[in-house]
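J.: As you go down the protein sequences, you meet chains A and B in turn. Counting from 1 along the first sequence, just add 2 to a position and that's the residue number in the working numbering. Counting from 1 along the second sequence, just add 69 to a position and that's the residue number in the working numbering.
Calculated from the structure, these hints are not laboratory results. Worth double-checking, as some hints may not be accurate.
Stretch by stretch, here's where chain B covers chain A in the computed footprint (C-beta under 8 Å, at least three residues) [as the list claims (entries may be wrong)]:
1. 106 to 119
2. 175 to 184
3. 192 to 203
4. 331 to 345
Simulated pairs of lysine-lysine, DSSO-like, Cα-Cα distance not exceeding 27 Å [unchecked claim]:
5. A:223 with B:103
6. A:85 with A:4
7. B:103 with A:339
8. A:11 with A:159
Each residue gets a CB set at the ideal place from its N, CA and C atoms; glycine is no exception.
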Amino acid sequence: MKAQQLIWKNYAWTGLRDDLSGAQLVILFASREALEDRRCIDQLRTHFNNAEIVGCSTGGNIAGGDVSDDFAAALAMKFDRAKLQVATEEITNPNESFDVGVRLALALQAPQLRSILVLSDGLCVNGSRLIEGMRSAVGNEIVLTGGLAGDGAAFNKTVVAANGIVASGRVTAVGFYGAEVVIGHGCAGGWDAFGPRRTITASEGNTLYSLDGKPALDLYKRYLGADAAGLPGTALLYPLTIVNPEQPDQSMVRTVLAVDHERGTMTFAGDIPQGWSAQLMRGHFDNLSAGAAEAARSASIQTHSPQSEVAAVLISCIGRRLLMGESIVDEIDAATKELGDAQVIGFYSYGEISPHAATGCCELHNQTMTVTTFAEAW
Amino acid sequence: MVITMHRVLAKQVERSRSQDGTLGIDQLFGLVSKTYEQNDQDRARSQHANHLMMIELDEINRAREEALQILRREHDKLDAAISNMAHGLAMFDADGQLLVCNASYRSMFLLGEVASSSSHTELLSAINTLVDSSSRNVSYERMFEVEESGNSIEVTLKDGRQIAAQFSPLSEGGWVEVYYDVTESRQAAERIRYLARHDALTGLPNRIVFNETIRHECERVRRGATASILCLDLDHFKVINDTLGHPIGDQLLQAVAARLKDCVRAIDTIARLGGDEFAIVQVDAAQPDGAANLARRIIEELSQPYLIEGHQLVIGASVGISVAPADGDDPDLLVRNADMALYRAKAEGRGAFRFFEVGMDTEVQARRKMELKLRQALKTGQFELNYQPLYDVQSTSISSFEALLRWNHPEGSVPPDQFIPLAEEIGLISDIGDWVIQEACKTAQSWPSEIGVAVNISPVQFKSPKLVTSIKRALEVSGLDPRRLEVEITETVLLQDTDRTLAVLHELRKIGVRIAMDDFGTGYSSLSYLRKFPFDKLKIDRSFIKDIDTASEASAIVRAVTELASSLGMRTTAEGVETDEQMTTLCALNCSEIQGYLISRPLPASGLAALFTGQIGDLNAAA
Chain A
3 MKAQQLIWKN
13 YAWTGLRDDL
23 SGAQLVILFA
33 SREALEDRRC
43 IDQLRTHFNN
53 AEIVGCSTGG
63 NIAGGDVSDD
73 FAAALAMKFD
83 RAKLQVATEE
93 ITNPNESFDV
103 GVRLALALQA
113 PQLRSILVLS
123 DGLCVNGSRL
133 IEGMRSAVGN
143 EIVLTGGLAG
153 DGAAFNKTVV
163 AANGIVASGR
173 VTAVGFYGAE
183 VVIGHGCAGG
193 WDAFGPRRTI
203 TASEGNTLYS
213 LDGKPALDLY
223 KRYLGADAAG
233 LPGTALLYPL
243 TIVNPEQPDQ
253 SMVRTVLAVD
263 HERGTMTFAG
273 DIPQGWSAQL
283 MRGHFDNLSA
293 GAAEAARSAS
303 IQTHSPQSEV
313 AAVLISCIGR
323 RLLMGESIVD
333 EIDAATKELG
343 DAQVIGFYSY
353 GEISPHAATG
363 CCELHNQTMT
373 VTTFAEAW
Chain B
70 MVITMHRVLA
80 KQVERSRSQD
90 GTLGIDQLFG
100 LVSKTYEQND
110 QDRARSQHAN
120 HLMMIELDEI
130 NRAREEALQI
140 LRREHDKLDA
150 AISNMAHGLA
160 MFDADGQLLV
170 CNASYRSMFL
180 LGEVASSSSH
190 TELLSAINTL
200 VDSSSRNVSY
210 ERMFEVEESG
220 NSIEVTLKDG
230 RQIAAQFSPL
240 SEGGWVEVYY
250 DVTESRQAAE
260 RIRYLARHDA
270 LTGLPNRIVF
280 NETIRHECER
290 VRRGATASIL
300 CLDLDHFKVI
310 NDTLGHPIGD
320 QLLQAVAARL
330 KDCVRAIDTI
340 ARLGGDEFAI
350 VQVDAAQPDG
360 AANLARRIIE
370 ELSQPYLIEG
380 HQLVIGASVG
390 ISVAPADGDD
400 PDLLVRNADM
410 ALYRAKAEGR
420 GAFRFFEVGM
430 DTEVQARRKM
440 ELKLRQALKT
450 GQFELNYQPL
460 YDVQSTSISS
470 FEALLRWNHP
480 EGSVPPDQFI
490 PLAEEIGLIS
500 DIGDWVIQEA
510 CKTAQSWPSE
520 IGVAVNISPV
530 QFKSPKLVTS
540 IKRALEVSGL
550 DPRRLEVEIT
560 ETVLLQDTDR
570 TLAVLHELRK
580 IGVRIAMDDF
590 GTGYSSLSYL
600 RKFPFDKLKI
610 DRSFIKDIDT
620 ASEASAIVRA
630 VTELASSLGM
640 RTTAEGVETD
650 EQMTTLCALN
660 CSEIQGYLIS
670 RPLPASGLAA
680 LFTGQIGDLN
690 AAA
């Protein structure tokens, strides 16, 4: 396998290599505006006329060891033996998430399927249900990674690009086939729970009503103080770790997608089951960076191959960037160091998809750094 | 000099370079300044979050304090409840270590201060030293091994206390033992059981025990054993009760019970069946000699004088015996046979014992037949009243008639002394008596108005609360002037429940009925009776009249009676007068009235007409 990171700056791609012109897949991360402008896509199409070009809008693009909304990042991958296939589904209501997941998975289901990379609309999808749907169709052995598209810190509109179409309300998935496909994955948060443990006293799906019998939004507003004006984006500063009391060692992190000031409710990127316990989290720069390094290390050690270059896709949560600001380069730096010579791009997302570090079960994560590495070996 | 740049700054410097490599100072400063601002912001957020967290934790701590206080109060309440409960309580964990025990538990088992780390084994062995080993059984040892709720056992301690223990497993392992001191309730239950099975007066077993014993012995008899049943009662015990009062009677019964106990062996059973009835079950003795010897001994022992509250009392006993299996092996049959034998013993003069014999059964059957006939007689009008006149010496005319009951049975007439006692015994006397009064009043109403009628009232009738009502009703229905009715009673009536008897007599007197004392001179003839009630008349018993002309004592007694009566304002009637000589003497002794064959035999009502028409003029002449 050959792979190359490409950077879109000043309306031109840099890093294009002739030996990759036959690439089968190009993954593209860009701001919504850049995607909707389409020039970046058109230029890729010109160069990679055989490739499937898939991508999504982001909350920041990662390439060249830096993070920026100004440039776009792309990764061209040319497989020697592996096959791939792309499937795309539309979604108009989060309630359809499970079914959309099932349809996508069934479209990609085939012998030799090893892994699926999912890029989804970031706002009108229940990510947990989407992944559940996919998992229910392909089983737990297939590695599902990917993320929910972003829209900076605005949470207004996200888009997904596939088959030359750039639009909201879409989910695209790339299936990787063949015994030679080597996929590595890692997922880590690095957030620290703080303050009292609360009980989720009222919730419905991914909507949270109350903690310890009090409106959850009030709690967030109190903790955010002046930052409350920036809701829902600023709610990412305080993700929620939730735990099923019956499996206390398997915690999950949930992040806010939207708030309803009138009803006092908050919508999260994944389910918030009633009766579970919840605790606010906050990030320390060093711990978040250490988490990113851990995720990258975990993915990297799974994809050592003498026959192949390695490509890595970093998908990190917008909340981390929001918190760390300029210092966000620290986590990119920490992750990149663990990935050695790999070609690395990535984006800041509204939700990350990866196997759970403890259970191995593919799930939607929030506030994490997830790393997927690709290689071929035989 | 080499400056090591911070990663972020290095990145910012890189970003600030233009394509030709020159550094954009303004851009760099902008980035650096932004970094500072972001770090300031992050610090401010941390402080804000820390502050809120502190407040929240304070609230939580306060809530926890309150919860703890509530828990502490709950604990104190629970502790007070456990400490003050009368039952002993001990709770153990799954490893058998003591979790909690209360004061009652410690004091119940004299444990003093129990170390909180005590194990169940240690405590149990301490308790075991107190337990009366004879009361300990397998269930006690195993109680704590069987993990079933509600296991309960009872042990007796060496000091006599009875402790019930209940074992209940806890859901999280471990268990609770609750101990109850049941000494008092067990003693009460034992006492209740004793009282239910024993006669309160003598302490002897009662009929329940007696029946159980017989049933048990009948089982043994069927397997080849022998046994005898002795039924006994005291001769004329009633008289003691009536004359000396119940307290004396009760003491006598106690003394009798004590003597009976001395007569039998421990394996025999004596029971008091009620009143002066006792019964003995004799076992494992050679029969019939064993029973005969015992009966003889009992009669002899019981006949020895008793000294009770200064009264020396002598009383006999009669005994009836049935022997199993000869007289049957069925409890009811054996008792019935012993009763029949007793009946015979009494009938034959008391103070003796009789074995059951087959013929006795026949006698009882005959008596039962008689009973049926008697009941039939009242319904079918076989009774008839005959009337015997009383001749007034002064007025030389018939003053009244005594009504005398006759039973004209189709197979021949039955004398009153045969059926009256039976009627009294079977409770028919009240009905017969009522009939007699009604009939007598009705008949007398048809006589000349100066002539009265006298009716005999049996002592048994006197016990009936209906007597006065019955007499009033007869007078009302017949329309007879109450002053024409005379009631004759014997002194036996006055022996029983004197206060009530006197009340009845006074009530009858109040409505005008006259009262006569019948058969005066026989029995006790206590003059105190005459003081208790002002009788209208004394009827001198025929036994004195019979000898009045030959024995001077008889004439002296009659004179004394007539003089006594005269001085008390009572009239006198001489009964059984058969000769002119007797009449002459009686007239000389100032006897008021003459009754007997000399005047007339008792006659049916239809035969009285002649007497009303002066046919007794001859008598006047004779007088």
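J.: Now tell me, hint by hint, if it's right for this structure.
T.: Against the structure, the hints:
With 0 residues having a Cβ less than 8 Å from any Cβ of chain B, the region 106 to 119 of chain A misses the three-residue criterion, and the hint is violated. Coverage of a stretch by a chain is defined here by at least three residues with a beta carbon nearer than 8 Å to that chain's beta carbons; for the region 175 to 184 of chain A and chain B the count is 0, and the condition is violated. Check on the region 192 to 203 of chain A: 3 of its residues sit with their Cβ under 8 Å from a Cβ of chain B, so the three-residue criterion for coverage holds. Coverage of the region 331 to 345 of chain A by chain B holds. Counting CB-CB distances below 8 Å, 3 residues qualify, and the rule asks for three or more.
The straight-line distance between the Cα atoms of residue 223 (chain A) and residue 103 (chain B) is roughly 25 Å, inside the 27 Å bound, and the hint therefore holds. Under the criterion of a C-alpha separation no larger than 27 Å, the hint pairing residue 85 (chain A) with residue 4 (chain A) is consistent with the structure, at around 14 Å. Among the hinted pairs, residue 103 (chain B) with residue 339 (chain A) is consistent with the structure: their alpha-carbon atoms are about 26 Å apart, no more than 27 Å. A threshold of 27 Å between alpha carbons decides the hint, and for residue 11 (chain A) with residue 159 (chain A) the separation of about 23 Å falls inside it, so the pair holds.
Hint check: violations occur at hints 1 and 2; the rest are consistent with the structure.
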